[in-house]
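Engineer: Listed below, chain by chain, are the residues.
2 protein chains.
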Amino acid sequence: MSPFSDRLIAQYVDEILQGDKIYLSKAITLLESQHIEDRSIGLEILEKVMPFTKKSIRIAITGAPGVGKSSFIEIWGNHLLETHSQKLAVLAIDPSSQTTQGSILGDKTRMQTLSKHKRAYIRPSPAGQTLGGVTAHTRECVLLCEAAGYDLILIETVGVGQSEIAARSMVDFFLLLVLPGSGDELQGLKRGIVEVADWIAISKADGENKIRAEQAESDYKNALHLYTLPESGWQPGVSTCSSFTGYGLDLIETQLKKYVALTQSNGYWDKQRQDQHLAWMREIIDIELKNTFLQKPAVQHLLPLIEQDVLHRRISPIKAARQLLGLK
Amino acid sequence: MSPFSDRLIAQYVDEILQGDKIYLSKAITLLESQHIEDRSIGLEILEKVMPFTKKSIRIAITGAPGVGKSSFIEIWGNHLLETHSQKLAVLAIDPSSQTTQGSILGDKTRMQTLSKHKRAYIRPSPAGQTLGGVTAHTRECVLLCEAAGYDLILIETVGVGQSEIAARSMVDFFLLLVLPGSGDELQGLKRGIVEVADWIAISKADGENKIRAEQAESDYKNALHLYTLPESGWQPGVSTCSSFTGYGLDLIETQLKKYVALTQSNGYWDKQRQDQHLAWMREIIDIELKNTFLQKPAVQHLLPLIEQDVLHRRISPIKAARQLLGLK
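The listed protein sequences derive, respectively, from chains L and W. Under the numbering used here, the first residue of the first sequence is numbered 40, with each subsequent residue one higher. Under the numbering used here, the first residue of the second sequence is numbered 40, with each subsequent residue one higher.
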């Protein structure tokens, strides 16, 4: 008999709905598993808690390495837990992280008070290609956390690759952190990221940095002025803040509240959620179709060789694609 | 016997390599065909001319409807044919166009002198989903035109959807046209487009518009200043121009030449071409995998129904995807 009887699955569902962190973590680990069977059980648990999701505010927090995302989340997270949130979850998409199997040691050292907070839950996404892809996993984590009663979910990304596009497709509000300066802080960030942000916060606006931060604030305000209103009807803005002094965190929270009020009243909130839901289904289909193809032994063997041939123009991309598609 | 004997294919190849516009058009029509057999013959022709491609400069020209893309291409195209280019091809990706089967009437009326020019070739991409997708088609057109001796290829897109991302993935240089004003001209453009442009040209800088155009130029310069150098090592810039007076076209050409010189010497030119080649192969694989899936009768029947169920939360995206993937 399978170690996962229906009774055990029901127990998982119960415990998650009651907010048990250990069962929540174990369910996420099942979903992240490379074993199709484990993942399948994870999906069954997720299916069962789906009716209890949808109630949180989901926020992406993106910024280049060094901008101070962890300090920001540590202090803002604690602040939100006092003012706004019953329960806060922090999920990190870090493509460079070597974390696996749900170890949260890395984040424990980074967000010391938050990780000890009774009403907070911190979980990094494992690195590497997994069965469902990082996007699907983080999305699934969001839903499990919602089912476990988390009403505010922060998704942390470093914004250097596909991760912030993934994040954009699963959050309600996108917050971009940048350092004071004149554009250097965008170094290494994926181009296009400024234009998808709902709010830009200039971090480390304290001490000698304060004047430079205010200069950057005005530069970004001028730049944002060039873009017209996004579909949400919300005008993205800029402000300065400091995780050291706590300055400016209130303002970001106020803007977040205004954004939620505006988009919930103009219908964009629900529309975005619906679109994301449909996009998620298409994403799963795409990922599964590609996985099935890439897992063929002949493809695994030939793909790297053929890619080299294409790069060196020994074969045309058309012929290469057709050869690979013809493999059994 | 097939109407396309090897001899006929060889004739196509010969005529295209000699620059015959009629054979070029007919080959493009074959590639655009909904009939798998026609398309397959088109691909065979393309395969055979592939060794003669790679020699052109490929430029995307993007801008919202009303910005004056056609006038710009008409006058700049003629200008380039005098100064820079032996042969110029203009390919348009227009998602709203109802053009099919290679009719170029629409563009003939839009670009009157250019369309009559002996050394110019104008071809719109047909609308709608075709076997290879618009991206693949336009890419194939580019290659056929190169084989036919076109050394400058302009790809016109309206920049409202996926088309400019597609264009970005197949050109060397990305030119964005905007109207004088303060951001309103970006209305309707896909967000993120400013950040992928290699050059921004403020159009219609003549008469009373001149001062507003110069103001916009300075606004965009300040905004671009916030972004750091793209991977190409090329600093994108802004200038004003007028298709009415011809003002500013020289400068854009000079910048284009500088871009080509820089990226050809720092290795980015070749790298970008190689990357695009590999991306093209992956694109064909993705498209074919998805087409094979979407063409299953059961999927065609159920997909619209299940999408509605997902939108209205009657079924979870996971279950929906699994149901569809399980169809024979």
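If you are wondering where the hints come from, they were derived from the structure by calculation, not from laboratory data. If you're wondering where the values come from, they're calculated on a predicted model, not measured in any experiment. Check each hint, because a few of them may be wrong.
Since copy identity is lost for identical chains, a pair holds within one copy or between any two.
Mimicking DSSO-like on lysine-lysine, the simulated pairs with C-alpha atoms at most 30 angstroms apart in a straight line are [stated by the list, open to error]:
#, residue 1, residue 2
1, 260, 249
2, 93, 358
3, 260, 157
4, 157, 87
5, 94, 358
Engineer: All hints are to be evaluated individually against the structure, with a verdict given for each.
Structural biologist: Hints, verified against the model:
1. 260 <-> 249: For residue 260 and residue 249, the Cα distance is within 30 angstroms both inside one copy (16 angstroms) and across copies (25 angstroms).
2. 93 <-> 358: between (46 angstroms within a copy, 17 angstroms between copies)
3. 260 <-> 157: neither (38 angstroms within a copy, 49 angstroms between copies)
4. 157 <-> 87: within (25 angstroms within a copy, 67 angstroms between copies)
5. 94 <-> 358: between (49 angstroms within a copy, 21 angstroms between copies)
Going through the hint list in order, the structure does not satisfy hint 3, though it satisfies all others.
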